[in-house]
Structure formats: structure tokens, C-alpha cells
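A.B. asks: Chain by chain, the residues run as shown.
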Amino acid sequence: MRKIITIICLVALLAIGVRAAPLSPADVKTLLEHIREKRAAAPSMQADFQEQRKVHLLDEPINSSGKIWFQAPNKFRVERKGNAPSITVSDGQQLWIYYPNFKSAEHYSLARRSPLDAAISAITTALNLENVEHTFHIAGEKAERGYDLELTPRNPSMKRIFQKLLLHMSDDLFAERTDMLQPNGDQIVTTYQNPNHAAIPASQFEFTPPPGTEVSTPLGK
Amino acid sequence: MRFSEKVAFLVTERRGLMWSAVVLIAISSVGILLAFLRLDTEVLDLLPRGFDSVEGLKIYNSEFAQTRELTFALLCQPEDVDKLEEFAPKFVEKLRAQPWCVRVLAGSPMETPDGVRDLQRIALPLLLNLEPEDFDRALSLLQPQKIQERLAQLRGEMESGSPRPEIELTLDPLGLITPSLKPFAGNAAMETDQPLTSPDSTMRIFPTVTNQPSISAFDCQKLMKQVNAFRVSARDGWDGGKLEVLITGRSAYVAEISLSMRHDIIATVLSSIALVGAVFFIGFRRWLPLLGMGFALLLCCLIGLAAGLLIFHCLNMVTVGFCAILVGLGVDFAILIYGRYQQARNEGDAHRVAVADAVHSLGRAVFFGALTTAVGFLALVLSNSSGFIQLGVLIAIGISAAGLLMTTVFFLFVPRRNVPLRSDWILGSVKNYVHRMLGRPRSILAISAPILIALLIIAVVPQIPLTFEANARSLEPKNSRAGTALSLIMQKMPVRWEPVLGIVRASNEQQLHDSWKAISQHWAELQHAAKIKSFSTPNALALSPREMERNRQKLASINFDAARAALENALTQNRFNPGAFASAFELLNQLQAAAAPDYKIPSWRTQLPPGSVWWFLVERYFAQDSLTTTGFVTTNAPVATQEQKNVLARELPVAGIPITLSGWSYTLTDLVPWSHRQLLLISALMAVFDASLLAILYRDLRLWLVQVITLALAVAAMIASMKLLHVPLNLLNVLAFRLVLAIGVDYGIYVLLVWQRSHDVARDLTGVVKPVALAGLTAIAGFGSLGWAHNPTLSGLGIACAIGLFWSLAATIFFTLPAAVAVKPKLPQEHFTKAELEHA
Chain A
4 MRKIITIICL VALLAIGVRA APLSPADVKT LLEHIREKRA AAPSMQADFQ EQRKVHLLDE
64 PINSSGKIWF QAPNKFRVER KGNAPSITVS DGQQLWIYYP NFKSAEHYSL ARRSPLDAAI
124 SAITTALNLE NVEHTFHIAG EKAERGYDLE LTPRNPSMKR IFQKLLLHMS DDLFAERTDM
184 LQPNGDQIVT TYQNPNHAAI PASQFEFTPP PGTEVSTPLG K
Chain B
67 MRFSEKVAFL VTERRGLMWS AVVLIAISSV GILLAFLRLD TEVLDLLPRG FDSVEGLKIY
127 NSEFAQTREL TFALLCQPED VDKLEEFAPK FVEKLRAQPW CVRVLAGSPM ETPDGVRDLQ
187 RIALPLLLNL EPEDFDRALS LLQPQKIQER LAQLRGEMES GSPRPEIELT LDPLGLITPS
247 LKPFAGNAAM ETDQPLTSPD STMRIFPTVT NQPSISAFDC QKLMKQVNAF RVSARDGWDG
307 GKLEVLITGR SAYVAEISLS MRHDIIATVL SSIALVGAVF FIGFRRWLPL LGMGFALLLC
367 CLIGLAAGLL IFHCLNMVTV GFCAILVGLG VDFAILIYGR YQQARNEGDA HRVAVADAVH
427 SLGRAVFFGA LTTAVGFLAL VLSNSSGFIQ LGVLIAIGIS AAGLLMTTVF FLFVPRRNVP
487 LRSDWILGSV KNYVHRMLGR PRSILAISAP ILIALLIIAV VPQIPLTFEA NARSLEPKNS
547 RAGTALSLIM QKMPVRWEPV LGIVRASNEQ QLHDSWKAIS QHWAELQHAA KIKSFSTPNA
607 LALSPREMER NRQKLASINF DAARAALENA LTQNRFNPGA FASAFELLNQ LQAAAAPDYK
667 IPSWRTQLPP GSVWWFLVER YFAQDSLTTT GFVTTNAPVA TQEQKNVLAR ELPVAGIPIT
727 LSGWSYTLTD LVPWSHRQLL LISALMAVFD ASLLAILYRD LRLWLVQVIT LALAVAAMIA
787 SMKLLHVPLN LLNVLAFRLV LAIGVDYGIY VLLVWQRSHD VARDLTGVVK PVALAGLTAI
847 AGFGSLGWAH NPTLSGLGIA CAIGLFWSLA ATIFFTLPAA VAVKPKLPQE HFTKAELEHA
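Protein chains in written order, with the numbering used here: chain A, 4 to 224; chain B, 67 to 906.
Everything labelled a hint here was simulated from the structure, so no lab data went into it.
Since the model is a prediction, treat every value here as computed from it, not as a measurement.
Where is the CB? At the ideal position from N, CA and C, for every residue including glycine.
You may find that some hints are simply not true.
To be verified - Over 10 Å on every C-beta distance to chain B, these chain A residues come out as not near it, computed from the model:
1) Pro25
2) Val31
3) His37
4) Glu40
5) Arg42
6) Gly85
7) Ala87
8) Asn104
9) Glu109
10) His137
11) Glu147
12) Phe177
13) Thr216
Claimed, not checked - Just a few of them, taken from the derived set where beta-carbon distance is under 7 Å, the chain A residues facing chain B:
14) His59
15) Leu60
16) Leu61
17) Asp62
18) Glu63
19) Ser68
20) Ser89
21) Ile90
22) Trp99
23) Val218
24) Pro221
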């Protein structure tokens, strides 16, 4: 019996040993400071991505991949490849989504409480992390490689956008994986690979629809 | 026996009889007041009748749900913005738990699953209400091939990362709801149209509908008592810095206004009595006559109020100013009569003889004074404002009663025994002045005339403007919490300016639909032509029984089984989750049921749950009577000028469709000509009446000219003072001009009648100038006391009148008299002797 108990204790200790170490609030604060410094030093990022979206309207998740360009605090460009390609471009005020297959484009003016907030927040929060502590309760832990952060919205407007955002950061404090859970059960998991922090030309965040494109403004002007 | 002797006999020898009559009148008046007293607190009753815009405002104010709507606002410090966002749902929860709360709008209905579900519930009647071509286009989406194509495309777009298909499929899986809800969709941008959060996020707004049983003042007070109790505990759970809970709305205003009436009555009456009493005592140093004057004035007020109640059945709040004005006016008669009485007693006359002398000497002046004042106030009948009509009639009755009671009942309080005043510095000063004036009138004119002419120039020159306030704020109570709350909300919110209302009443649903259809088309053309900025109407919600029946019959041609099968196939093929499309199948079932010949189309009103936040939108358009509706036009700029208003009045209506254009800005702009008419035309009519009366009274061109010029100069000085002191005119205090004319003319009558008819000018002028000066001061004090009123209408009127009366009094003493002396000198022996002056 004593042997069994000893074995159980050893297994438990081993399990604890391999588990990630939780970060104290002070550690989280320090970590966010470091992230801020990193962003200040390298405000641009481009990477390949893979995304899996579980949407309550669909029986199976949507998988997509492509490339993303991001410039802090809120400019980005997303180019999806595959059977349903698209280009999403935002300069922080306007957002364009262009569908080459349909020769059509959607144009959105970004304002508070836009239905696009979820998609945009997933990108900007994960890749920027500026002042996130004001908007989220943040818990974190040191993983085997890098850090895991759990962001829970503080206020109702953010709660409307998502319930929880899990963010895995590399040792050099850039996002590697995000997992966003929305209030309606939808989930978006994105992984980033081959990051590069070279400067991005401003034109990358501008978009002019190609000639012949049918432009719509689904949410009005 | 002359009339004056009869009066003297009754008040000195038949005191019991007189007292019995007084008690009878008092008991009757009090009885009427107790039995019939009803107060009307409706501020809109102060606006004139006969204006469509005013009537529209009254309809909107009484028949639409906004009458029972309160607006709550939370205002925090900039550093607490996040805390406010976290606190707001707790506040809303507490608000919803209040027994008086029916609904709270805490955000766009489209953001909540309930809001979307409610919208889907009312889709069927609104879909059937579409125009034939729109309905046919919508129905074409039920063709099996189109269902499959549409869902395949939306699926493709979802894979491309577009958020639109998800939004569209959640709200409208079949694509039928969106066309039928176009107006809702347009107005669903309630947040854009009427934001609920300020741009800096420090303020959040919560429109709330209450269950107030009626819109009466008492129910408003009762509700606000509960609401204010809630306000005290509303901050519980807040852990940030200063958080203000602001509340505004019709009920908040009415409760404040009705409660401020009590303050206004007490403050104006007490201050008026105190000021008038002080002036009287300083002038005569007698308590009993002061008591008598107060008693007679109280009796006048009772008579006026009782008669007013019998005539109007309900008294408007503005009539609370009646008592203060009457005290200010009626006291003139008492002072004049008593001044003359005391002069007679000082000269050795017995009590009864002195009473007869006072009544004989000044009865005529009091009669004409009461007549001109009563007519002056009765002219308010021409104002078309029920509140001011009541005020005018009540004062006319009261002042007539004052004329009678001050020459009779007042003497019941005057003691038979006379104790001469040891020294009367006022009388001495007056004697000195009269002596100098009679001796060298031109030297006085040399000072007074240039001053008055300078003021006349100031009054006339356009370079110094007289402010005219034609906005709703000028009618709000001072220090109003509801007003301050509204003002803060307006500051914080980037609200577009107030829209113009277009109110349409119809006799049946079809007429309502046809009217709004035509109006919407017309307003769309105006918007396209950039004549208006935007508009919204209840067009889509105004059902057309004719179109609905026609569209319903068309449903019979649809193969719903095929549509249902196509939907199921499309969902399977595109790997959609069928459970998420239950509302699509439900709508297909409803449409199939509606195709049955005996199907009765449900009203969307019955489909929308009572607690649905969409009612906030619906009730913007529909009154309690669903055939009374309103549309809103946002103009290119705030409505501020007559020209803008005239263009709107010309452009907005559609031929053959009765529509009432209204809104506060529109109405007040509409009333500016009325107000100017009040100022110019009716004041001019009053002046003509006064001038005619004076001509009959004096039958002397020079004296007539002197007084007419005096009146003109006094009014000019009043305007100049208001310009220099930045006292603004508003829609209602323009009435002060005619009141000043009516009262100012009395002063002239008192002194000029004495000047014209006296055989002992110096003595008689002294005897009348002192009471006139005291009467003027008391009238100024009486009107000035209205400045204490919270009601800006009353206080503005009081201040304007006090300024005008000051100049009337000054012009009478320093211009009328010396001018009369200068143009029509009397014989030297009628002046004072040196010995007399030394004695004084």
C-alpha cells in the first residue's frame, strides 16, 4: 500500500513538474511591458497563417490559410488562398473585403459596435496587445516554449464580441496561436508561422477595387 | 346725496351691513375655490391657439408614448469610462426591476437575440404589405433554384472570410425579411440616429417607458417621487469617481413645474405683500390702513380666482402670477385714496367728511385707472394663449373689484381718530419738488427730456440689439433638474438638431398607408434634391389591407413543398447546420398558412411582445390611436428663421393629404410673427384706445399730447433699458409692453386730472404726486417680486414690467408734470406760498 501511495505521489509530482507555471499579476504586468517594448521596436509583422472557424450556422469548420501583414496599432492586410480566396484590407478606419471569384468587394466604415468587431479584434488584440489590461482580465502562464495568456473581456461591449481569447506567444513575445470563443459559440483558431518584422510599405494597407468590381456597402456608409 | 357721501355714510355709519356684505362675498369666493379648483399645468397652453404647429405639438405631447418616457443618463468622469461600461448593465437591471418601469432601451435591438427574434415575428404582415413589384421580387427568392444559388453563394462568401453572410443568414435565412424590414433596417441604426453613448463614452443614455397611469401633474409628481427615490440608490455598486444620474422627460418637467407653482405662489405673493407693505408703511406710518389694504387685496384675489374658475373651470399655471400682479396694481388705488383722505384729515376734516372728500376727489381717477388697466389686461384675450387669456380676464375682474373695494371696504379699517404725522419727509420732498416744478418747469425738462430722448435713440438704433429668444429653453423653469439633465445630455451627445414632425391622422388603415406612401415618395424626392437632409416615416408599418390581400392571393401560386425541399437540399449540400435555420422553415410555414383563403392576417402589433425594445421605434411613429402617426424630417440646418419655416411649410406637404407640421423649433419659429404682432399691433391698438380715452378725458390737445409723448418716451426707455441690461424678450414677456401702457397711463391720468381741474394746484398736486410715487413704487415692487418665480414666463414678464413701470413713473413725475406746466401754466396765486413751504 505504501508503495502504491509513493508511486501516486511521484506521478503527481511529475505531472506538476511538467505543467506550465502560472504567472502572478505582477509577472503578467511585466510581461505586457516587455511586449510593449517589443512592439515599439518592431511595429510591423507579416506571417503565414492558418485559420479554423467553427460557425454555428455550419456543420463543419471552415479552414483557410494565407498571409497576413500587420502594422500596429490597427492596420492589416489578410490574403486568403485556396478555393475561396479573398483580400481583406484595413487602414484602421475603412475595411475592404475583395472576393476575386465573385469579382465583388464589400466596403465597411469601421465604427463602434460594428459587426466586424469580432474579426478585427481577434487580429488587433492578438497582434498588438496595446493597453489590453484596460479591456481584459488577463491570466497567464509560462509554457514550455513561450507564454499562454487568457484574455477575458472586462466590459459588456467586449463581452458581446468574444467570451474569451486564448493567446499563445513565442519566447520572443509574438503571437503564434490565437483561439477566440464568441458568445454565440463560434470559435476562431488562428496559427501564425514564419513571422517577419520587416517594415511594410503603406500601400499594403490601401485598397482600390479592380475595374469591373461590384462594390457593396452591407452596413451602409 | 352724492355717491361719495353715500359711500362715506355706509362705511362710517352702516359698518355692520358693510361687514356682512364682505363676509358673504368672502365665503362665496372661498366656497367656489374649494368646490371647483382645478389647475392646468400644461405648458403648451401658454402658446397661442389657432396655430397648426402648436396643435401638432400638443398632439405629439399628449398622444404619443414619449409622454410616458423618461430618459435616464449616467455621466461619469473620463477616467471611469470602463467602469461605466461595466456598471451600465447593473443599472439597467435595477431600472427594469422598478415597479414603474415597463421597458428600457439599453442598446440597439439588433444586438440582442431577442431583438432579432422579435423582428422575425413581425416579418409576415410586413412582407405582405410590400408594394406589388417588391413583393413579387421577394417571392421570386422562393424558387427552388434561387434558394440553392443563394445559399451556395453565401457559403462561398463565408469561406472567403466575409462577415456579411453570417449576419444575413442569422437574421434572414430566406432573404425575404430584409426587403420587408427596410424601414426598420434604416431605423435600426437607432444608435447612429440617436446615439445611446456619448463619443467620449462618459455618458450613457437609457430611454425608459413608464407605466404612469395618466399624464396629469399629480401622476407625474407621484411617478417622479418614486423615480427620485430610485435615483438615490441607483449608484449602489459603483466604485468609481463622481457619477451623475440624470433624469429628464415630460413627466420630470411637469412634476417640477407643478411643484414650482407652489413656490411661485408663496414666493411672489409673500414678497409682493412684504414689499408693498413696506412702501405703504414708509409712506403713511399706519398699520390699520395697511391691514385694510391687505384685506381688500386678498378679497380682490379671491373674487378674481372664483370668477375665473366659474368662467374657465380650470386655471392655468401662469395665473399664479395673478395675485402678485393684482397686489401691485390694486395697491395704487388704496395709496391714492388714503393719501387724499389723510391730507383731508390733516387739514381738519372729520372722518366721514374726509372719506367723502377722498372718494369724490379721486373716485373718477380710480375709475378711469381701473378701466384702462382692466382693458389693458383684457387685451390679452387677443393673445390666443389660453393661459394669458385667463390671466388677463382674472386681472381685469380683480382690478375692477379693487377699484370698488378700495373706495369702500378699505375705509372699514381706517380708524375714526386721526393722529397727525409728526414729520413726513416724503410729503416735504414732494412739496419742494412741486414748488420747483411749478416755478421752473423748463429746468426740470432740461434734465429729463434729454435723458428720455437719449433712451429713445438707444431704443431705436439697430446697432444695439434687443435680444429675442425664440427657443424652448426660454420657457423652461429656472434651476430645473430635468432641464439641466437635458442640457447636459445635449452637450454630450452629437445629436443632430431636432427634426420637424409631420403628423398625419387617418380615418382608416388604407388611407394611412396611402398617405404615408405618397408623403414618403415626396420626401424622398426632396432629399434627392438636397432640400432636406433625411427623413423617416412609418410607411412600412402602415399596413395596406388592399395590398396585403392582393399579395396574400399571390402566395397561392407558390409551391411551398418544393421551396422547403430546396431549402433542405441546399443546407445539406452546403453543409449548413439545419438547426440554425429553424426560422426559415417557420417563415415558410407561415407563408403557406397565409395562402389559405380564410386566413386572417395578424396585425404586427399583436405579434410584437409587449416587452420588445422595438416598441421604442414603433412608438416614435404611432400614437396610442394607431391611426395617428408622425414622420420626421431632418432639415439641412436647424430651423431658426421664418424663411426656413416657410420653405418647409411649402415643400413638405403633399397635395390632398392633411399633415400637421410641428416640433419645438418649428413651432417657436412659427410663433415669432405672432409674438411680434403681440408686441406691435396689439400694443398699438392699446395705445389707440388709451389715446382716445385720454382725449375724451382731458378734452385738451396740449395735455393730450403731453401724455401721449410721455407714454411713447416711457416705452422707448423701457426698450432701451432692456437693451442695455441685456434683458431678453421672449415669446411671452412681449406682453409687458401693453401692461406698462395700461398702468403707465393711469399715473398720467391721476396727475393731469388734478392739474387740469384743481383750484389749489400746489396743494392738490402735492396730495396726488406723493401717492402716485408710492403707488408706482409698490407696483414696481409687485411686478418685480415676480422675478422670484421659477417659471421664466412669469419672472420675465415681472422684470420687464418692473422696468417699464419705473420709466412710466419717472416720466410722469419728471416729464408729464413739468411739460403740462410749461405748456399750460396756471395762475400764480394757485402755487404755494413761501410760508406753506416753510411749514412743510
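A.B. asks: Next step is simple, just say for each hint if it's right about the structure.
C.D. replies: Outcome of the hint check:
1. Pro25: holds, 25 Å
2. Val31: Since the minimum Cβ distance to chain B is about 18 Å, A:Val31 lies beyond 10 Å and the statement holds.
3. His37: Non-interface label on A:His37 holds, nearest chain B Cβ at 24 Å vs cutoff 10 Å.
4. Glu40: holds, 24 Å
5. Arg42: Consistent with the label, A:Arg42 stays out of reach of chain B, its closest Cβ about 22 Å off (over 10 Å).
6. Gly85: violated, 8 Å
7. Ala87: violated, 4 Å
8. Asn104: For A:Asn104, whose nearest Cβ neighbour in chain B is about 7 Å away, the distance does not exceed 10 Å, so it is violated.
9. Glu109: It is violated; A:Glu109 is separated from chain B by about 6 Å at its closest Cβ, not greater than 10 Å.
10. His137: With a cut-off of 10 Å, A:His137 comes too close to chain B, as the shortest Cβ separation is near 6 Å.
11. Glu147: holds, 32 Å
12. Phe177: holds, 22 Å
13. Thr216: holds, 14 Å
14. His59: holds, 6 Å
15. Leu60: The hint holds - A:Leu60 has a Cβ within 7 Å of chain B, the shortest such distance being about 5 Å.
16. Leu61: Hint holds; A:Leu61 Cβ to chain B Cβ min 6 Å, cut 7 Å.
17. Asp62: Hint on A:Asp62: holds, closest Cβ of chain B at ~5 Å, below 7 Å.
18. Glu63: Holds: closest Cβ of chain B sits about 5 Å from A:Glu63, inside 7 Å.
19. Ser68: violated, 11 Å
20. Ser89: holds, 4 Å
21. Ile90: Check failed: Cβ of A:Ile90 comes no nearer than 9 Å to chain B, outside 7 Å.
22. Trp99: Nearest chain B Cβ about 11 Å off; hint violated.
23. Val218: violated, 13 Å
24. Pro221: Since the shortest Cβ distance to chain B is 5 Å, the answer is holds.
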